[in-house]
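**Student:** For this one, chain A is given, so just place chains B, C, D, E and F on it according to the hints.
Residue-level listing of the chains:
Protein chains: 6
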Amino acid sequence: MARLIEYGEAPPEVRAVYEDIMATRGTDDVNNFWKALAVHPPTLARLWENVKQVMAPGALDPLTKELVYIAVSVTNNCEYCIQSHGAAARAKGMDDAMLAELLAVVGLANETNRLANGYRIPVDERFKGA
Amino acid sequence: MARLIEYGEAPPEVRAVYEDIMATRGTDDVNNFWKALAVHPPTLARLWENVKQVMAPGALDPLTKELVYIAVSVTNNCEYCIQSHGAAARAKGMDDAMLAELLAVVGLANETNRLANGYRIPVDERFKGA
Amino acid sequence: MARLIEYGEAPPEVRAVYEDIMATRGTDDVNNFWKALAVHPPTLARLWENVKQVMAPGALDPLTKELVYIAVSVTNNCEYCIQSHGAAARAKGMDDAMLAELLAVVGLANETNRLANGYRIPVDERFKGA
Amino acid sequence: MARLIEYGEAPPEVRAVYEDIMATRGTDDVNNFWKALAVHPPTLARLWENVKQVMAPGALDPLTKELVYIAVSVTNNCEYCIQSHGAAARAKGMDDAMLAELLAVVGLANETNRLANGYRIPVDERFKGA
Amino acid sequence: MARLIEYGEAPPEVRAVYEDIMATRGTDDVNNFWKALAVHPPTLARLWENVKQVMAPGALDPLTKELVYIAVSVTNNCEYCIQSHGAAARAKGMDDAMLAELLAVVGLANETNRLANGYRIPVDERFKGA
Amino acid sequence: MARLIEYGEAPPEVRAVYEDIMATRGTDDVNNFWKALAVHPPTLARLWENVKQVMAPGALDPLTKELVYIAVSVTNNCEYCIQSHGAAARAKGMDDAMLAELLAVVGLANETNRLANGYRIPVDERFKGA
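Protein chains in written order, with the numbering used here: chain A, 9 to 138; chain B, 9 to 138; chain C, 9 to 138; chain D, 9 to 138; chain E, 9 to 138; chain F, 9 to 138.
In short, the hints are calculated from the structure, not lab data. Remember, it's a predicted structure, so these values are computed and weren't measured experimentally. A few of these clues could be false.
Repeated chains share a single entry, so a pair holds when one copy, or any two copies, can fit it.
Claimed, not checked - Straight-line distance between alpha carbons at most 25 Å, and here's what the computed SDA-like set of lysine to any residue pairs gives: (1) K136 - T35; (2) K100 - E21; (3) K136 - G101; (4) K60 - T35; (5) K100 - A18.
In isolation and in its complexed conformation, chain A is listed as follows (with noise of 0.2 Å):
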């Protein structure tokens, strides 16, 4: 089981980066994936650095990206993100009908990726390069 480090035990560098995620999160403490990373400060710094990048509002809201980084989850079988993501999700605003509609498209695309690859089919002409 990872090893967590609490802010009070924390390096400067590690204690920055806390700071930053709280203050970006308006949150008073930080959650179990941080502190894990933080036995690396060079790797927690760079993750950090990644999700404030990639989970900011842009072409998409940061709703549609919660959902997308639970279906990639659910597909994985990540306890751990299913129930953060889905926390974090939960807070952007979805509902219960939201969620099930998400895991039943999830569920769905898992089953036709296989039969698509099961049968071998061929890719469309009229798809290709969309």
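**Tutor:** Frame of chain A, contents of chains B, C, D, E and F only:
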């Protein structure tokens, strides 16, 4: 490679599904996925009923559902599904910036899924039940 | 792309494995999988011993084992394995209807795997230890 | 963790599906998978129709279908599905030796899938179209 | 959950494998992986021969092989294998910094795998045949 | 298929990344991966920073990192990544015997991952926390 059943050679129960697909989508042909499933008519009819129900507008809009479909298909590396749902998403409004952000989230989620599992990070109490 | 070692250029320990494969299967050539593994003779010999032991008739009959092999290969999207074990299953009696039902089960299992993981459904007490 | 809908609190359309499951299977309760899907009645009804159709006896017998289900679930690491379909396979006649051979094939297929992909082995002409 | 076969209750062919494992590793017990496989002695003997051959020092040193084993196990999310090969790697010299860099590479590779597949990037001519 | 952005048509922020890649690697061109990511300059810059940091010599040497990259890419079946990191590993000293042993470990780990998950083997107390 899949054997593709064309409309002209299809039995009545297959033609009925093809006609419903074309009417629902406003197209004059069905794509290869359906032509391949038609080798087994009960599977063709079953999958089409699933797709019609799951991908219909509901708590999530159709474009969001296509983005989720692409996210799963990229994670599983199903080329047919990436291209067919890529085309469907384009038709529903996905532009280059949206695709780039989508793939960025998919890539990042695949990365953090492994960090969370590799470090075996315990789920924060406040995330449980989300 | 793999370098394929043909019988004529193979060292004695590779020829011995090729001969055992051909004798066991009643064929006069070995397929590309073995020709590729032959770049590393200990791996060739090891894998052939594994395949011979695992795929032999036993508590499960050889056709059932081929169907399971295809199910795994479709789930992982290994085109070589889908096609080579597809041909092996055909030779052992798999017809179109059996293939269609096999892929239907594979697709459905991939779907429900994600629903079970996505909803984090607790295992029923009566299933434990099965 | 999933919220489980018990019969007593279920709306009529959920009760109807539960009753069909119990009648079809000759049991007096439904397992947690269905109780979890019942949070979204259209998904419950849809999945049950799929399972009923796909897992019915046909070109493949019900035990073979359960073995294939386990093979996929082990490859994807879905604990719920491994245990629930493990119990179903036991009820249909799977004994310890059959389970051991099944897992041996699943393990070997997962190994050779990576060797075939890692060496990028070209598909033999005689396997194509199988 | 697996039934574990202890030395005291094991038949002779299982004891012989256990003794070879303990002698090879210089330990006075075997770990649960072997005790679980022992329910099917031919699988136990086969897997042990595989592990002994594949993990022996050769063109790659034993620690590098353990790191590769962890990389695969994290990608597939096999908790047993992450922990058992994590312990083996520690015994062969892996320290915290090496583990952190290993997981960083594993995470990044999982990310770029999806970017390469998602964009369907053509392989550069100069990489082919590497 | 990905649209590839060549240096001559690239905007200044893309050219700056290309120049850093070429300077860091001592080459006079960048490979297709970067040309494809360049459709979205922030993703290009972000990924390059990640690769530069993660793949730099550290507690693990660069060749070991390439071997781990290949192991993940083979497990996920990313052809582009297998070939590009295969070429990178060759340039850093990987020979045929090392590749063969690498793929043997990758194959075996994929096999034992499923045996451990399929039997749901409990983690030995002495492995926990490793």
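**Student:** Now tell me if each hint is right for this structure.
**Tutor:** Evaluated hints:
1. K136 - T35: between (45 Å within a copy, 18 Å between copies)
2. K100 - E21: For K100 and E21, neither the intra-copy (30 Å) nor the inter-copy (31 Å) Cα distance is at most 25 Å.
3. K136 - G101: For K136 and G101, the Cα distance is within 25 Å only across copies (17 Å; inside one copy 35 Å).
4. K60 - T35: Within one copy only: 15 Å inside a chain, 32 Å across chains, cut-off 25 Å.
5. K100 - A18: neither (30 Å within a copy, 29 Å between copies)
Hint compliance for this structure: hints 2 and 5 are not met, and every other hint is.
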